[in-house]
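Chemist: In order, the protein sequence lines correspond to chains Y and H.
Going by my numbering, the residue at position 54 of the first sequence is 54; the numbering climbs one at a time, nothing skipped.
Going by my numbering, the residue at position 76 of the second sequence is 76; the numbering climbs one at a time, nothing skipped.
Think of the hints as simulated: they come from the structure by calculation, not from any bench.
Idealized CB from N, CA, C, for every residue including glycine.
Be a bit skeptical, because a hint or two may be false.
Now the in silico label distances, taken between C-beta atoms and shown as ranges [stated by the list, open to error]: (1) H/Gln237 with Y/Ala42: 23 to 33 Å; (2) Y/Ala42 with H/Thr130: 17 to 27 Å; (3) H/Pro385 with Y/Gly3: 57 to 67 Å; (4) Y/Gly3 with H/Gln237: 44 to 54 Å; (5) H/Gln431 with Y/Arg14: 35 to 45 Å.
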Amino acid sequence: MTGVIERVLVQARRGGSVATIAAQLGMPPDLVAAVVAELVAAGVAVQPGCRVAGVCAVAEQGAAPSSCAGCPLVR
Amino acid sequence: MTACHETLTGTRVGSVLLVGNPNVGKSTLFNGLTGARQTVMNAPGTTVELHVGTWRDVDASVTDLPGTYSLVARTPDEQVVSDALRSAPDAVAVVLLDATALSRSLYLLAQVGTDRPVVAVVTMLDVAATRGAVVDVARLADLLDIPVVAADPRDGDRSGALAEALTQARPLQGLPHCPPEPLEAAERLFGWVEAMIAAMGATAPVRRTRSDAVDRVLLNPWFGGPVFLASMWLLFQLTTTVATPVTGLVSRWVATLAEAARGVLQPAGPWVEGLVVDGVLVGVGTVVTFLPLLAIVYLALALLEDSGYLARAGFLADRWMRTLGLDGRAMLPLVIGFGCNVPAIAATQTLPSARQRVLTGLLVPWTTCAARLPVYILLAGIFFPERAGTAIFAMYLLSLVLVAGGGLVLRRTVFRDVQREPLLLILPAYQRPRLRPLLLSVWARVRGFAIKAGRIIVATLTVMWLLMAVPVDGGEVGGPVESSLYGAAAQAVAPVFAPAGFGDWHMSAALATGFVAKEVVVGSLAQSYAVQDAAQASASGELGDQIHATLTRTSGGAPAAAALALMVFVLGYTPCLATVSEQWRRFGARWTLGGIGMQLAVAWLLAVVVFQVGAFLARLL
Numbered sequence: 001m002t003g004v005i006e007r008v009l010v011q012a013r014r015g016g017s018v019a020t021i022a023a024q025l026g027m028p029p030d031l032v033a034a035v036v037a038e039l040v041a042a043g044v045a046v047q048p049g050c051r052v053a054g055v056c057a058v059a060e061q062g063a064a065p066s067s068c069a070g071c072p073l074v075r
Numbered sequence: 001m002t003a004c005h006e007t008l009t010g011t012r013v014g015s016v017l018l019v020g021n022p023n024v025g026k027s028t029l030f031n032g033l034t035g036a037r038q039t040v041m042n043a044p045g046t047t048v049e050l051h052v053g054t055w056r057d058v059d060a061s062v063t064d065l066p067g068t069y070s071l072v073a074r075t076p077d078e079q080v081v082s083d084a085l086r087s088a089p090d091a092v093a094v095v096l097l098d099a100t101a102l103s104r105s106l107y108l109l110a111q112v113g114t115d116r117p118v119v120a121v122v123t124m125l126d127v128a129a130t131r132g133a134v135v136d137v138a139r140l141a142d143l144l145d146i147p148v149v150a151a152d153p154r155d156g157d158r159s160g161a162l163a164e165a166l167t168q169a170r171p172l173q174g175l176p177h178c179p180p181e182p183l184e185a186a187e188r189l190f191g192w193v194e195a196m197i198a199a200m201g202a203t204a205p206v207r208r209t210r211s212d213a214v215d216r217v218l219l220n221p222w223f224g225g226p227v228f229l230a231s232m233w234l235l236f237q238l239t240t241t242v243a244t245p246v247t248g249l250v251s252r253w254v255a256t257l258a259e260a261a262r263g264v265l266q267p268a269g270p271w272v273e274g275l276v277v278d279g280v281l282v283g284v285g286t287v288v289t290f291l292p293l294l295a296i297v298y299l300a301l302a303l304l305e306d307s308g309y310l311a312r313a314g315f316l317a318d319r320w321m322r323t324l325g326l327d328g329r330a331m332l333p334l335v336i337g338f339g340c341n342v343p344a345i346a347a348t349q350t351l352p353s354a355r356q357r358v359l360t361g362l363l364v365p366w367t368t369c370a371a372r373l374p375v376y377i378l379l380a381g382i383f384f385p386e387r388a389g390t391a392i393f394a395m396y397l398l399s400l401v402l403v404a405g406g407g408l409v410l411r412r413t414v415f416r417d418v419q420r421e422p423l424l425l426i427l428p429a430y431q432r433p434r435l436r437p438l439l440l441s442v443w444a445r446v447r448g449f450a451i452k453a454g455r456i457i458v459a460t461l462t463v464m465w466l467l468m469a470v471p472v473d474g475g476e477v478g479g480p481v482e483s484s485l486y487g488a489a490a491q492a493v494a495p496v497f498a499p500a501g502f503g504d505w506h507m508s509a510a511l512a513t514g515f516v517a518k519e520v521v522v523g524s525l526a527q528s529y530a531v532q533d534a535a536q537a538s539a540s541g542e543l544g545d546q547i548h549a550t551l552t553r554t555s556g557g558a559p560a561a562a563a564l565a566l567m568v569f570v571l572g573y574t575p576c577l578a579t580v581s582e583q584w585r586r587f588g589a590r591w592t593l594g595g596i597g598m599q600l601a602v603a604w605l606l607a608v609v610v611f612q613v614g615a616f617l618a619r620l621l
């Protein structure tokens, strides 16, 4: 059997949340969550929360130029 | 002198470190062990607070470390935990295991207990039981071969059992050898965790959710893309339909306000009246009329975000980019670019290589930012009143095509050496959007646009008005706009756009101000016509009528094709000075100037093609 991380990676590539991946692999959701956290730490995956705007963390609105004021994705 | 506790393995316990996932009950246990004998201090070199106390029963120092899921640190809190464990190799670690998330807790235990004495404390047993996951603590102790205490900190004092367990603390046995590479080490520890969980047989059954069923359709390679495009089309269709009456109402208010201001300022003289009313108020007022519409777009986007659907769109885009041979990681800055190009350029720093950052940075300006939306709305409303939503949607579609096409060409020419590194997007679960945060977010964005972007608009329009007042032919100050410095410069550039059907000085001047910021384009158009109005009675009329008349003249009777070409040019050329300066700062002069040249050339070529084809079809029909 392939490793836990490899199985999560393969399933994540098909698209899904932690719960979906866990259900499809028959793994405990918290184990999948732990694997995902390590993948995020290694820069292999991103977990944007419920907002894609989560990826805008590199550009908080306070630091962004005023022309970004209307940006719906910058916080 | 501190009396140390003797363990069976011979380790002397001078200090105890409490380790565990967040919200597992560490602080409750810490308070139970130390009572009032505790102090709060900052971890060395950080602002992270550590609680340190004395456990009198065993005469040991106890440190309550911040909650963490892993010793591979990502946050300052996690770094503190990792550093604290490394700096106290002989301290006994009491690792709290959350019975509701046993796998995740065991992973942390495995990281901590590799080479130091550990004791496990299982908490949340009651909550786990209600979820159908019963944890057999005795069986767990057998498997781990370390002391395990079932001590829910909320259920009375278990410090006696823990003190006794402390005397038998020892490192975990049977852990796999871990290589130095973090992911390989994690893979082996996860394998160990999975084996432990299987041996425990404590896993609650995992059911597929409604989200899974929805995702089967929305993430399907064949249906997902069309469903996303259809939702975006619907969004713009609804936006233009709902917003048109509101925009008309605000427009009438602004016109009334301008007339009132004109009356009030008349005694101050024509210069003051001209600057305030024709120079600024008309331009700003035109932008203000789009605020309700922007609010509706922001609300719709916030709804998509908050429901979790926008993350699915990101996943689809990522898959699509990889299919085209582009790096999946580039998807993140490009998604941000649809809001604003400047933070999108900043976000390229998350890409692993300098070449990838430059490649993505050159594509970002073709993502159509929110500032271009008022231009699309104005032109689509004038020239395609029945299909305004579709026309705006087409600009977003063309933006995707430009990014993909540009990326493909650049990848196969200048950036052949760039390697693909796919990125995984772990999707959030769907959720019901929450009204109050939605409305607050929309309010903050509209207010931010009105105040911050408003400053740029007012400053640019004031400079423009002054340039319009300066004559170049020795005429009087405040004469015809065409004879002003502004008009002359704009007229010199205008012929360049003749093949695209909009070779007129109003258009070229507005496009020039668009270099400063796209928010200014609509205001600039309104201002140039308004100032002209004041100088030439023959040019009077509504802004829409004036633009229509201009493009009818410049396009030789195909104004819709010229308007579409103008929209395409606005989409394709340099977004704003802020984006240029951000590119310059990050990629240097050569790439920035090359990028500007590429954007102008592509925008002009596309505009010419769109106009020529459109005009040809108009003649046929």
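Chemist: If a hint holds in the structure, say so; if it doesn't, say that too.
Modeler: Taking the hints in turn, this is what the structure says about them:
no. : hint                              : in the structure
1   : H/Gln237 with Y/Ala42: 23 to 33 Å : violated, 42 Å
2   : Y/Ala42 with H/Thr130: 17 to 27 Å : violated, 35 Å
3   : H/Pro385 with Y/Gly3: 57 to 67 Å  : holds, 59 Å
4   : Y/Gly3 with H/Gln237: 44 to 54 Å  : holds, 48 Å
5   : H/Gln431 with Y/Arg14: 35 to 45 Å : violated, 22 Å
The structure does not agree with the numbered hints 1, 2, 5 stated previously, though it agrees with the rest.
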